[in-house]
Amino acid sequence: MIGSRAKARVAMALGLVAAAVWVLPYAWMTLTSLKPLSEITQDPTAPLPRAPTLDAYREVFGTIPVFRYLGVTLLMALSIGVLQIVLALPAGYALAKLRFVGRKTAFGLVVACLLVPPQVTFVSVFFMFSRVGLVNTFAALVVPFAASAFGTFLVRQALVAVPDELIEAARLDGASEPVIVYRILAPLLTPTLVGMFLVSFVFHYSDYFWPLVMTTDDTVRTLPLGVALLKEPGSGVRWHVVMAGNVILSAPVLALFAVAQRHLVRGLAGRA
Amino acid sequence: MRPRAPAHPWLMLAPTLLAFGLFVFLPLALTARASLQSWDMLTEPEWVGAANYGALMEGGELWRVLGRTLGFSVIVVVGAMSFGLGLAVLVDRPGRVFAFVRGSVFSAYVVSWVAVALLWVWLLDPDAGAVAAIFRAVGLPRVGFLTDPRAALVTVACVAVWKITGYAMIVFLAGLRAIPASLREAAALDGASGWQTFRHVVWPMLRPTAAFVATTSLITSFQAFDVVRIMTQGGPARATTLFVYAIYEQIFLNLSVGKASALAVVFFVVLSLLAALQLRAWRSRGGEPA
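Here the protein sequences line up with chains A and B, keeping their order. The numbering used here numbers the first residue of the first sequence as 1 and each following residue consecutively. The numbering used here numbers the first residue of the second sequence as 1 and each following residue consecutively.
Just so you know, the hints here were simulated from the structure itself, not pulled from any lab data. Keep in mind the model is a prediction, meaning the values are calculated, not measured. Hints may be right or wrong, so weigh each one.
[Stated by the list, open to error] Below, computed lysine to any residue pairings styled on SDA-like, alpha-carbon distance capped at 20 Å:
1) K97/A x V89/B
2) K97/A x L189/B
3) K97/A x S193/B
4) K104/A x L189/B
5) K7/A x A14/B
6) K104/A x L18/B
7) K7/A x A137/B
8) K7/A x V89/B
9) K231/A x T215/A
10) K97/A x M1/B
11) K104/A x A14/B
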């Protein structure tokens, strides 16, 4: 049994090394953001800032409208997450519980959409939006993601497990179909829906690709694009400013992660 | 169950199917059509048949992009799976320390690719970066991680491994926890060593999970764009021009809608082949994907 204690020590040591590989880069990011420009240019690899300052953060707020970008980003991710749930519930209900001609085809179409990522469709979607004047609008960021193939799929799978009797009883009580879907079945699916929402929210909050290709100006710019722009202007990259932008960009999702890690894990691992 | 009215199922499906029609199927058809046209977004589009595909094949550019993307994906998948599985086995233990390790590794999954890419460009700066400082301290030569064409693709792939290892770990952990403890205990009673138990009891039960992680991370890595756009813009000397970046480059830098569409069509075909693998992996878990 001596061996098992030694093994536990080794496991703990290896675990801490692994944690360091992931935590130290964040620490470096934060420390860099607290340095003044002079320290970045003179001694860039000094671990601790000699004279910690929030100058870099002031510069970020002076260079990009952080609150507007953050507001657009949060509203976009929130709208997408909510719309996906609102659309997936009735669609999943029809696919899981109702018998009708064409159900297999409809289900097949949903599954087929799992195979077509935005990277395949963005060129044509961009021209569709540009024809109707929707490039650089909030709608262009949100509407293409309103229906989620994965979400519809997950809701359908979860509803298959709900007994028909429950729905029949609700019908006998005179509940309309929308009431059944949104007031009776949705609460039963809370764990599925929360996991789905979090995975979607985190993805779209962080997404760079779609907002980049669907916007050509600043009107509905999102925070990831804004922060990426901090690196682009000029040749001498001001790393303390870029890292301050990074901290601002990462803090909201890391905070969400801290409070909702369990649900996020379930949302992801539940797909496997 | 019978719907209350024949139209009900279709009414419930209408918003979803309409959205898919508009944003998946219609664009797919339009992309296929545009791939047969030449259009610079200024003059009228012209039908050119398969000329766009021919132009992409010419000089082997298409194959180079495809090969590069596959190479990148192999590094990412193998790296994320090995570290993900190793870490899952390591941190599948009680206690606060291991909870902290799990949280740390998984946290990179929620942080934006933009933040991760910017952070690593800074860490990997050949002179001012922290990694360069470590290299100097232990006497390793100076490496142009992102400026040396031989190193750049591997560097970007390693950053992607850092980003998605946490995802692989989480899925493997769920797989490990689904294995009944009694099986492992029985193996231990029979005198099996830790490695033997893993090899003959745990791993066979984990294989479907491994197939799932492999295919999802393969498809994720195949779609990589943000890391490339931010870390290297496809360079140096096109060493990191991955598939999606090549599509982006055709449309936004070369203003060639036809070639961009042709690339998107090829990309879709390759992805579908990869997705067929994914479906097979799901099937092997018994039943429909869930």
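So, going through the hints one by one against the coordinates:
1. With a C-alpha separation of about 40 Å, the suggested pairing of K97/A with V89/B is violated against the 20 Å cut-off.
2. Of the supplied pair hints, the one linking K97/A and L189/B is violated, its CA atoms being roughly 47 Å apart against a limit of 20 Å.
3. Of the supplied pair hints, the one linking K97/A and S193/B is violated, its CA atoms being roughly 49 Å apart against a limit of 20 Å.
4. Only pairs whose Cα atoms come within 20 Å are accepted, and K104/A paired with L189/B is rejected, the gap being roughly 49 Å.
5. In summary, the hint linking K7/A to A14/B is not supported, as the alpha carbons are separated by about 58 Å, beyond the 20 Å threshold.
6. Simply put, K104/A and L18/B have alpha-carbon atoms about 17 Å apart, close enough for the 20 Å limit, and the pair holds.
7. The suggested pairing of K7/A with A137/B is violated, with an alpha-carbon distance near 31 Å, which exceeds 20 Å.
8. Taken as a hint, the K7/A and V89/B pair is honoured in the structure, with Cα atoms around 13 Å apart against an allowance of 20 Å.
9. Among the hinted pairs, K231/A with T215/A is consistent with the structure: their alpha-carbon atoms are about 19 Å apart, no more than 20 Å.
10. A C-alpha spacing of about 6 Å is found between K97/A and M1/B, which places the hinted pair at or below 20 Å, so the restraint holds.
11. For the hint linking K104/A to A14/B, the alpha-carbon distance of about 15 Å falls within 20 Å, and the restraint holds.
The structure is inconsistent with the numbered hints 1, 2, 3, 4, 5 and 7, although it conforms to all the rest.
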